[in-house]
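Participant: Listed in order, the protein sequences are those of chains F and X. Start counting the first sequence at 0; every next residue gets the next number (numbering that gives the first Met the number 0). Start counting the second sequence at 0; every next residue gets the next number (numbering that gives the first Met the number 0).
Heads up, a few of these hints could be off.
Incomplete in silico selection of chain X near chain F, CB under 7 angstroms [to be verified]: (1) 223; (2) 242; (3) 244.
Computed beta-carbon distance windows for the label pairs [unchecked claim]: (4) X:347 with F:108: 33 to 41 angstroms; (5) F:495 with X:344: 52 to 60 angstroms; (6) X:208 with F:356: 29 to 37 angstroms; (7) X:249 with F:322: 27 to 35 angstroms; (8) F:311 with X:153: 26 to 34 angstroms; (9) F:395 with X:355: 29 to 37 angstroms; (10) X:349 with F:393: 27 to 35 angstroms; (11) X:169 with F:322: 57 to 65 angstroms; (12) F:439 with X:347: 35 to 43 angstroms; (13) X:346 with F:421: 32 to 40 angstroms; (14) F:188 with X:20: 56 to 64 angstroms.
Quick caveat, the hints were computed from the structure, so don't treat them as lab data. For each residue, glycine too, the CB sits at the ideal point set by N, CA and C.
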Amino acid sequence: MNKPCAVELRHITKRFGKVVANDSIDLSINRGEILSLLGENGSGKTTLMNMLAGIYYPDEGEIYVDGVLTSIRSPKDAFDNRIGMIHQHYKLVDVFTAAENIVLGLDEPGKLDIKAANARVREICERYGFDIDPTKKIYDMSVSQKQTVEIVKVLYRGADTLILDEPTAVLTPQETEKLFNVLRNMRADGKAIVIITHKLHEVMALSDKVAVLRKGQYIGTVNTGETSPQALTDMMVGHAVTLNIDRPRYENPVPRLTLKDVTCYDNEDVVRLDHVSFTAMGGEILGVAGIAGSGQRELLESIAGLYPVAEGSSIRYTPEGTPESELVGKTPMQIKKSGVALAFVPEDRLGMGLVGSMGMTGNMMLRSWRKGKSVFVDRKDPNALAMNIWKELEVVTPSTEFPVRRMSGGNVQKVLVGREIASSPNVLMSAYAVRGLDINTSYTIYNLMTEQKMKGVAVIFVGEDLDVLLELCDRILVLCGGKVSGIVDARTATKEEIGLMMTRVGGGKEAAAHA
Amino acid sequence: MHNENKVPLIRLAKRDLMEPWKVWCIRLASIVLALILGGLVMMIALPDGATPIDGYSTILAGALGKKTAIRQTVKLAVPLLGCALAIAPCFKMRFWNIGAEGQITAGAIAASYFALYWVGRVPSVLLLIIMGAAGAVAGGLWALIPAFFKAKWNTNETLFTLMMNYIIIGIVRWLQGGPWEGRPGSQIIPQFDRAATLPKVLGIHCGWIIVLILVIFMHIYMNYTKHGYEIAVIGDSVNTARYAGMNVGHVMMRTMFLSGAISGLVGFVVASGANTTLYDGVAAGVGFTSITVAWLSQLNAFAMIVISMMLAIISKGAETLQTRLAVPASISDIITGILLFCMLGCEFFINYRLIFRSSKTEKEAAKE
Numbered sequence: 000m001n002k003p004c005a006v007e008l009r010h011i012t013k014r015f016g017k018v019v020a021n022d023s024i025d026l027s028i029n030r031g032e033i034l035s036l037l038g039e040n041g042s043g044k045t046t047l048m049n050m051l052a053g054i055y056y057p058d059e060g061e062i063y064v065d066g067v068l069t070s071i072r073s074p075k076d077a078f079d080n081r082i083g084m085i086h087q088h089y090k091l092v093d094v095f096t097a098a099e100n101i102v103l104g105l106d107e108p109g110k111l112d113i114k115a116a117n118a119r120v121r122e123i124c125e126r127y128g129f130d131i132d133p134t135k136k137i138y139d140m141s142v143s144q145k146q147t148v149e150i151v152k153v154l155y156r157g158a159d160t161l162i163l164d165e166p167t168a169v170l171t172p173q174e175t176e177k178l179f180n181v182l183r184n185m186r187a188d189g190k191a192i193v194i195i196t197h198k199l200h201e202v203m204a205l206s207d208k209v210a211v212l213r214k215g216q217y218i219g220t221v222n223t224g225e226t227s228p229q230a231l232t233d234m235m236v237g238h239a240v241t242l243n244i245d246r247p248r249y250e251n252p253v254p255r256l257t258l259k260d261v262t263c264y265d266n267e268d269v270v271r272l273d274h275v276s277f278t279a280m281g282g283e284i285l286g287v288a289g290i291a292g293s294g295q296r297e298l299l300e301s302i303a304g305l306y307p308v309a310e311g312s313s314i315r316y317t318p319e320g321t322p323e324s325e326l327v328g329k330t331p332m333q334i335k336k337s338g339v340a341l342a343f344v345p346e347d348r349l350g351m352g353l354v355g356s357m358g359m360t361g362n363m364m365l366r367s368w369r370k371g372k373s374v375f376v377d378r379k380d381p382n383a384l385a386m387n388i389w390k391e392l393e394v395v396t397p398s399t400e401f402p403v404r405r406m407s408g409g410n411v412q413k414v415l416v417g418r419e420i421a422s423s424p425n426v427l428m429s430a431y432a433v434r435g436l437d438i439n440t441s442y443t444i445y446n447l448m449t450e451q452k453m454k455g456v457a458v459i460f461v462g463e464d465l466d467v468l469l470e471l472c473d474r475i476l477v478l479c480g481g482k483v484s485g486i487v488d489a490r491t492a493t494k495e496e497i498g499l500m501m502t503r504v505g506g507g508k509e510a511a512a513h514a
Numbered sequence: 000m001h002n003e004n005k006v007p008l009i010r011l012a013k014r015d016l017m018e019p020w021k022v023w024c025i026r027l028a029s030i031v032l033a034l035i036l037g038g039l040v041m042m043i044a045l046p047d048g049a050t051p052i053d054g055y056s057t058i059l060a061g062a063l064g065k066k067t068a069i070r071q072t073v074k075l076a077v078p079l080l081g082c083a084l085a086i087a088p089c090f091k092m093r094f095w096n097i098g099a100e101g102q103i104t105a106g107a108i109a110a111s112y113f114a115l116y117w118v119g120r121v122p123s124v125l126l127l128i129i130m131g132a133a134g135a136v137a138g139g140l141w142a143l144i145p146a147f148f149k150a151k152w153n154t155n156e157t158l159f160t161l162m163m164n165y166i167i168i169g170i171v172r173w174l175q176g177g178p179w180e181g182r183p184g185s186q187i188i189p190q191f192d193r194a195a196t197l198p199k200v201l202g203i204h205c206g207w208i209i210v211l212i213l214v215i216f217m218h219i220y221m222n223y224t225k226h227g228y229e230i231a232v233i234g235d236s237v238n239t240a241r242y243a244g245m246n247v248g249h250v251m252m253r254t255m256f257l258s259g260a261i262s263g264l265v266g267f268v269v270a271s272g273a274n275t276t277l278y279d280g281v282a283a284g285v286g287f288t289s290i291t292v293a294w295l296s297q298l299n300a301f302a303m304i305v306i307s308m309m310l311a312i313i314s315k316g317a318e319t320l321q322t323r324l325a326v327p328a329s330i331s332d333i334i335t336g337i338l339l340f341c342m343l344g345c346e347f348f349i350n351y352r353l354i355f356r357s358s359k360t361e362k363e364a365a366k367e
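Using the sequences and the accompanying hints, generate a full structural model.
Facilitator: Structure representation (structure tokens):
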């Protein structure tokens, strides 16, 4: 090890109840180096770094900062040790300017001198190549600018060890490249940088070293130059997996759901969907891509009758053999009663798709509770269904009455997807169906989606990982600021094309021609 | 070496799901702790030579020692139990109805109208049924108002229901001094006729039978009906309820009507059975104390019988404590308060465990 060691972790263990999130982990972070902390969702990356940031306190183990044994009990302790973390969810005051947010909470003696603060912020920005105006209000900023404010905030406090938790999740490919340049500048300045990620290409493009975690275990650290994406995947997953998703073609897809000029506004009259028109075909997986918050949630909820749409919107449902129907203006119950077989796996699993305090049986009842004339609920059929899903999808739970809130993320999703598929839908919508799931469960979900497609179901799959969308879907619809930026053929489109379309409506005009 | 001083003194960690018997042990322990703490407070007021144990035995003897005492205690427990049953579905739905006090009063007013002006017109049994029904409808309608505003404009139900209490109590004061006043200038509504009072069973007005029937009704309603399922889902997540096609506003209004109706029925029981008249203190804080009962019983209908009896015993026994040992009867409020504090506090220990600095060893891990 030629570079000086900034922070060293020894035998760090953290448990949450029975779950061991980190099991005796050793890790060293060096100055002038970018370390990627790689692992699947739920492998304990964020937990480990939260202990450096003072959010959690380790159950066992020691932390050395510059070779001195240190105890980090609070975020303030972390700053005193010049460690700063940029979390996934930004913590900024919307009505304050960038500089005001940056100095917020700093315990400097004397009067607040905002001019001096502005000047210092500008100086930091120049030094590393950030591009923000310290007097701009947060609510006027884009997601990437907000992120910049968070990074500057940490630097302003004098941090020389920076931890970034999945910084690229909300960025476009272009913004990501900009961020990487800034990080490289900081590396040249001798900072120690940790980036938490599960995206392999970023690891390869940016970092000097890669530390891999798997299910709370430390697997090892390798030099980026001496490894390959395949080797890293093997370390992450534990065994070699093929990254290929099976994508059969359905013989003759038919239009199933036709949206025309669907427009909707949120509580503050901001337009969320702007004249969205497309057709979802039975026997096809239609991917929906876009930067987070481009209208994905509103789109699915409008179709499900959960989000009010503006006048002039039309959502036509055209099942084979039966008369078509208009979904706009109907409540979810009316949609269901009019015989529309719509299944919906929402993004917020426990907050919308499931009842956290109930077991599998209680959650199966969400679809069937109203059946029959009796005032009493039927628990027998839902229980049989729960038993079935428990067995078929290998849900790990002690019983069908065990609260789903207590299950792990993957099992929660199996319960939800299992229930929705069991309703034998004609249209299946899912939002971020594999978020937080390990690779095996993710593939279970992909296979279930493909299986439904081959049954002639129209699948609408909102996703965030472009690689997956490109391998799983037949067509991809790209949303940008609530508008349809374009629809591309997933078999021929490239990631760069889609990336451009995510930031600009119609981004690559030639790309839209594929639709 | 390891710098012990730098480790935080106490840390919190989330627990796994505990076994039910352990959970009940913790709850039991919290009751014992509350009684010990209550005993310490009692010692301040107790005369020389008397111990808290004397105090508690006086409370028990005062509440359950004689037949008449038991009757008095049950009479105290009846409205508490009835009202706790009424607010249980609201709380399950996370609709914070703290207006039971007013809903009782509304029910009592409606029942009193028929007691005062319909007596003699219909046979006694029919009159009582009319009074009960009127009380239930009035309580239900009174509760429906805040629910309607909540469903329509998402107003804050806590403030709304609380404020409604003062309005209805003001109405009773007006009735007392105005249209329903008995002897002019007395500010008192006359006693009900015998025909309008609840008959006695085993020496206590038959309201106790009514609330026991309500216990069974509420248990079935909450656990086995579609309505109960809707309430449980809404209490967990309104979005999930909407997703499942439930009409949340409708369920809210229906549940509040039911809740108010039961409170109104309790109002009828209190006015017709216990007081045989109407006055502005008809609810006597029952609407608030019953929140304690409902919460301590974890919204379990059968547990409410035990808890309401427990609070009634403390309250009744404290009167004896005052007469015999000159300890102020308000000690019962203190003990109830400590009990609530300990029992709600113990939920924290059911969900989390503390790790002390010294115990940060492998033993700790093994204990889990």
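Participant: Decide, hint by hint, whether the structure agrees.
Facilitator: A quick look at each hint next to the structure:
1. Given the 7 angstroms rule on beta carbons, the hint for residue 223 of chain X holds: about 5 angstroms separates it from the nearest Cβ of chain F.
2. The beta carbon of residue 242 of chain X is positioned within 7 angstroms of a beta carbon in chain F (closest approach about 5 angstroms), and the interface hint is therefore held.
3. Restraint check, residue 244 of chain X versus chain F: the minimum CB separation of about 4 angstroms is within 7 angstroms; hint holds.
4. For residue 347 of chain X and residue 108 of chain F, the Cβ-Cβ distance of about 38 angstroms falls inside the hinted range of 33 to 41 angstroms, so the restraint holds.
5. At about 58 angstroms, the CB distance of residue 495 of chain F to residue 344 of chain X agrees with the hint of 52 to 60 angstroms.
6. At roughly 34 angstroms, the beta-carbon separation of residue 208 of chain X and residue 356 of chain F lies within the given 29 to 37 angstroms, and the hint holds.
7. For residue 249 of chain X and residue 322 of chain F, the hinted distance range of 27 to 35 angstroms is satisfied, since their beta carbons lie about 29 angstroms from each other.
8. Distance hint check: the CB atoms of residue 311 of chain F and residue 153 of chain X are about 27 angstroms apart, consistent with the given range 26 to 34 angstroms.
9. Residue 395 of chain F and residue 355 of chain X have their C-beta atoms about 33 angstroms apart, which keeps the hinted 29 to 37 angstroms range intact.
10. Between residue 349 of chain X and residue 393 of chain F, the C-beta spacing of about 31 angstroms keeps the proposed range 27 to 35 angstroms intact.
11. For the pair residue 169 of chain X and residue 322 of chain F, the supplied restraint of 57 to 65 angstroms holds, since their beta-carbon distance comes to about 59 angstroms.
12. For residue 439 of chain F and residue 347 of chain X, the hinted distance range of 35 to 43 angstroms is satisfied, since their beta carbons lie about 37 angstroms from each other.
13. Residue 346 of chain X and residue 421 of chain F have their C-beta atoms about 36 angstroms apart, which keeps the hinted 32 to 40 angstroms range intact.
14. Restraint check, residue 188 of chain F to residue 20 of chain X: a C-beta distance of roughly 60 angstroms satisfies the suggested window 56 to 64 angstroms.
Consistency note: the structure conflicts with none of the earlier hints.
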